[in-house]
Amino acid sequence: MALLETKHLSVNFGGIAAVADVALAVAAGEIHGVIGPNGAGKTTLINAITGVVAAQSGRISFDGADISGLAPDVIAAHGVGRTFQHCELFGDCTVIENVLTGFYCRQPYGAAAAALGIGKARRVEKEARQEAHQMLAGFGLADFAGVRAQDLPFDLQKRIDMARSLASNPRLLLLDEPVSGMSEAEANDAVATIRQIARDRGLTVLIVEHNMRVLMSLATRVTVLNQGRVLATGSPDEVRSNHAVIEAYLGEDA
Amino acid sequence: MRATIPILAFAAVCSVPLFATSYYLYLTELAMINIIIAAGLNLLSGNCGLISLCNASFMAAGAYGTVLLVNQGGISWFAAMPAAAFLTFLLGAVVGFPARRLSGLYLALVTLGFLELVQIAIEESPDFTGGIRGLKVARPELFGIPFHSETALYLLVVALAAVAVFAAWNIQNSRFGRAFDAVRQSPFAAQAVGIPVARVKLLAFAINAAFAGCAGGIFAIVAGFIDPTEFGVLESLKHITFIVVGGLGSVVGSIIGAVLLTALPEALRGTQEYSELIYGLILLGSLMFMPRGLVGLLNKLPAWKLSERTRKEPAHGAP
Amino acid sequence: MILPLPPPWKDLKRVELSRSGLSCRNRLGRYPASSRHCGKIPDKRRLVFRDDNGSAQTPPAVAKMSWQVASQLALSGLSIGSIYALVGLALVLPYKASGVVNFAQGEIVTLGAYAGLILANFGLPYLALVPITLLLAAAAGALIERVVIRRMMGGPEFTLVIGTFAIGIVIKALIRLHWQDNTFTLDAPFIGAPFRLGPLRLNPAYLVFVASMAVIAGALSAFFFYTKFGKAMRATALDAVAARLMGIETGSVFASAWALAAMLGALVGLLLAPVIGINPDMGQLILKGLVAAVIGGFSSLGGAVAGGILLGLLETYAGAFWGATFKNLVPFAVLILILMARPEGLAGTSSARRV
Chain A
1 MALLETKHLS VNFGGIAAVA DVALAVAAGE IHGVIGPNGA GKTTLINAIT
51 GVVAAQSGRI SFDGADISGL APDVIAAHGV GRTFQHCELF GDCTVIENVL
101 TGFYCRQPYG AAAAALGIGK ARRVEKEARQ EAHQMLAGFG LADFAGVRAQ
151 DLPFDLQKRI DMARSLASNP RLLLLDEPVS GMSEAEANDA VATIRQIARD
201 RGLTVLIVEH NMRVLMSLAT RVTVLNQGRV LATGSPDEVR SNHAVIEAYL
251 GEDA
Chain B
255 MRATIPILAF AAVCSVPLFA TSYYLYLTEL AMINIIIAAG LNLLSGNCGL
305 ISLCNASFMA AGAYGTVLLV NQGGISWFAA MPAAAFLTFL LGAVVGFPAR
355 RLSGLYLALV TLGFLELVQI AIEESPDFTG GIRGLKVARP ELFGIPFHSE
405 TALYLLVVAL AAVAVFAAWN IQNSRFGRAF DAVRQSPFAA QAVGIPVARV
455 KLLAFAINAA FAGCAGGIFA IVAGFIDPTE FGVLESLKHI TFIVVGGLGS
505 VVGSIIGAVL LTALPEALRG TQEYSELIYG LILLGSLMFM PRGLVGLLNK
555 LPAWKLSERT RKEPAHGAP
Chain C
574 MILPLPPPWK DLKRVELSRS GLSCRNRLGR YPASSRHCGK IPDKRRLVFR
624 DDNGSAQTPP AVAKMSWQVA SQLALSGLSI GSIYALVGLA LVLPYKASGV
674 VNFAQGEIVT LGAYAGLILA NFGLPYLALV PITLLLAAAA GALIERVVIR
724 RMMGGPEFTL VIGTFAIGIV IKALIRLHWQ DNTFTLDAPF IGAPFRLGPL
774 RLNPAYLVFV ASMAVIAGAL SAFFFYTKFG KAMRATALDA VAARLMGIET
824 GSVFASAWAL AAMLGALVGL LLAPVIGINP DMGQLILKGL VAAVIGGFSS
874 LGGAVAGGIL LGLLETYAGA FWGATFKNLV PFAVLILILM ARPEGLAGTS
924 SARRV
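Sequences listed follow chains A, B and C, in order. According to my numbering, the residues represented by the first sequence are 1 to 254, in order. According to my numbering, the residues represented by the second sequence are 255 to 573, in order. According to my numbering, the residues represented by the third sequence are 574 to 928, in order.
Next up, chain A with everything else stripped away, as it sits in the complex:
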């Protein structure tokens, strides 16, 4: 059974169908790519899955449970993490604080316990900090732990975003254009990192990207979107040689 599944998912914005009748199935442990030209509805798809925008029709289910219509934070608490195309970091906070914020759902102490600074809260905090530092080290950010996030360059910010999304220990990770704005070398690094993380943590990953090369090298299955509709689904090779896909990307003469 698929970990993430959408059936007949449609999202309209004022009469324009950003996503139309999309069926998606992501199996556990898979790295699933969603590709399509700009305006194909990729980010809207992620926003719909994470509950940020409301779908007009269709169902989204995660691990068998229907998550359509749930609030974004509830969906996240179910085990769905995401990154953002423009990072959406907490700019004023330091790097370590950004990552620590991701631990929110895993720290079961109340405000009163926090205020008094008593045992359980302190212990949980300490453990979280240790784990956060380890994560930073894994991403090469250990030297920047105390630096304000908005003071750092874009590629480091992308890493912070990724670390933060992993802090909540998700089972499904949605990556929104993870290599946009990166040079080829940086993109290759990112690809390697993503692959390693997925393997080490047993994560299921859904990547939205419009960079064909990166996506094809990373994904085990690919869905192609065009103008909100699914053009093709299959392995990277199948999709690459699909006529409709070639037409959409390269025009009719190709």
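Do not take every clue at face value.
Counterexamples of contact, computed for chain B against chain C with all Cβ distances above 12 Å [stated by the list, open to error]:
(1) I261
(2) P271
(3) A353
(4) V391
(5) A406
(6) V412
(7) Y528
(8) S540
Partial list, computed: chain B residues near chain A (C-beta under 7 Å) [stated by the list, open to error]:
(9) I425
(10) S428
(11) F430
(12) D435
(13) P441
(14) F442
(15) A446
(16) V447
(17) G448
(18) A477
Since the hints were made in silico from the structure, they are not lab data. Note that the coordinates shown come from a computational prediction; the quantities given were computed from them, not determined experimentally. C-beta atoms are modelled at their ideal positions from N, C-alpha and C, and glycine is treated no differently.
Starting from the known structure of chain A, fit chains B and C onto it as the hints suggest.
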């Protein structure tokens, strides 16, 4: 190492009764009360970024609540104060409820409306609250020890302020403090890591109200007299001035702002009109030229900046 | 507020309204109608009227809410609502143009009144000092925008909201420093005895309020829809960046919006001064203006006008039915209700809601 400064400061403050006159004792007590208020408001407005113009109403709820619980409910002072603070906590949640979905301007308006409603409620219930005339407050007794002793009351106030600062610091460095900051800066990203934005805003209001309610309760005892004119819009703006001048988002900033702005009008010893003009100018000046507050200015000094980078567990600084 | 209301109408036993209309009596004694004894007794028994000699009278025709009383109240409500509408307009204008709500608008009203006072003390008659005050106000408004607001505009909303409050504090403190809390008067040609028009008593001041509001609403509409600068302001309100790209000088637009709002505020101050006197607390009016603007959704000028009139009517009727306390509660209850239920106001679009 970093714990010595607060300990020294606390010891210094505790020793004030040894050499200060009654007037300066009172002034320091006011400063301590303002520290409690600022610490709470800082969590709401500095960390969580929510505008609240009704902080004075929460203070009023704590003050009148404590007095009423004692006078009409027959409870002892030392049960009444926490009880009033808890009731104010609930009141804060009530106000925080519409806050969930409202942006800055509309939130300011709702809190303003709430403040005016509370004012009217106080003025129109003279049987309970003394109405416009105000209410006299007797000095409490603790287990038979009358707090007529100035020093005893003073130490109580200082202890409360210390607890408040301790609590505010802890909350700020806990998952709730981080959630507040997250909600302020990027609600989308906050939700993406599972932070329930609406509930967090509610919590911020409730916690802030609890702090203000505590401050109100002890203020009633210290001042000996409360009336509705002390809990109007101007008061709320004064509270905001504490944290703006000190530095939004910084606990140390709230302490500095509260102490400075309690001392300054007294130091200038002018009439009330001058005091308000000064507050207004300081607030305006800070907003225009020093938006990060005094702590923000201090952070620009090289020594401070260095320590911020090399700290392993960086404390939350000014935004 | 400033208008004498008829006594509260209630069916009461043991409380009597005498023919002179201004007192009520129960077995404890006679009380003025404004006291809580007249307003708070909840019983629904028959009203007993006694004339000043003590003999019972049949209830006069106005024992129930007759059309005459209703229309009289409507007129009061309309005229005070016009003032609220003007204040609301002055709040919505700079908000639409520059995205900033001027919480110091109340103090601008006060400032206008005091400016009129100064000019009157120089010997200028009312009709002469009005245009001069308006010009001064326009200059002040533009100055505030340029010097203070422009600086704070890039920053967080917190800074702007609190900043305008701070401006208000400073203005009010300066006024109180110079004039203390004394109340001054200002002579105006529309102050005179009420005259009768059919069954209604009309206070000439009311008429001036309503007329001013109508004229200004009309003038603003014409300005925004038919003049080039007005269209520029509308464009800037919709999208400042796009407006700039079109060649509109948004700086002038901002300054003009604030100048215009300041003029409106000063006008309100000059209209109110002869009626209620000049004192530093006139600025409290801004709360009513805010409610008016919120009813209109803070996004439309027409909405602010409608909101102001609606608020004036609500207040007046509430005061007549339920007494002064409820009258004071009405604006804030309305404010909170609308903000909770429908923050975009009764007319606006839902951009007020966020995550």
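Do the hints match the structure? See the list:
The beta carbon of B:I261 is kept farther than 12 Å from every beta carbon of chain C, the shortest such distance being approximately 33 Å. Chain C leaves B:P271 outside its interface by the beta-carbon criterion, the shortest separation being 34 Å against a cut-off of 12 Å. Under the 12 Å C-beta cut-off, the non-interface status given to B:A353 relative to chain C is violated; the minimum distance is some 10 Å. At roughly 26 Å, the least C-beta separation between B:V391 and chain C is larger than 12 Å, which holds for a residue marked as non-interface.
B:A406, annotated as away from the interface, keeps every beta carbon of chain C farther than 12 Å; the closest lies near 37 Å. No beta-carbon of chain C is positioned within 12 Å of the beta-carbon of B:V412; the least distance is around 30 Å. At roughly 7 Å from the closest C-beta of chain C, the C-beta of B:Y528 falls inside 12 Å, breaking its exclusion from the interface. For B:S540, the condition that its CB be more than 12 Å from all CB atoms of chain C is violated, with the nearest at approximately 9 Å.
About 5 Å separates the beta-carbon of B:I425 from the nearest beta-carbon of chain A, less than 7 Å, and the hint is met. The restraint placing B:S428 at the interface with chain A holds, with a minimum CB-CB distance near 4 Å, inside the 7 Å limit. Taking 7 Å as the C-beta contact cut-off toward chain A, the hint placing B:F430 at the interface holds, the least distance being around 5 Å. A distance limit of 7 Å between C-beta atoms decides the matter here; for B:D435 the minimum to chain A is near 6 Å, and the interface restraint holds.
Given hint, B:P441 at the interface with chain A, is violated; its Cβ is 9 Å from that chain's nearest Cβ, farther than 7 Å. The restraint placing B:F442 at the interface with chain A holds, with a minimum CB-CB distance near 6 Å, inside the 7 Å limit. For the restraint placing B:A446 at the interface with chain A, the shortest Cβ-Cβ distance is roughly 5 Å, inside the 7 Å limit, so the hint holds. For B:V447, the interface hint holds, since its Cβ comes within 7 Å of a Cβ in chain A; the closest pair sits about 4 Å apart.
Interface hint status for B:G448: upheld, as the beta-carbon distance to the closest one in chain A is roughly 4 Å, under 7 Å. With a cut of 7 Å, the hint placing B:A477 at the interface with chain A is violated, because the nearest CB-to-CB distance is about 26 Å.
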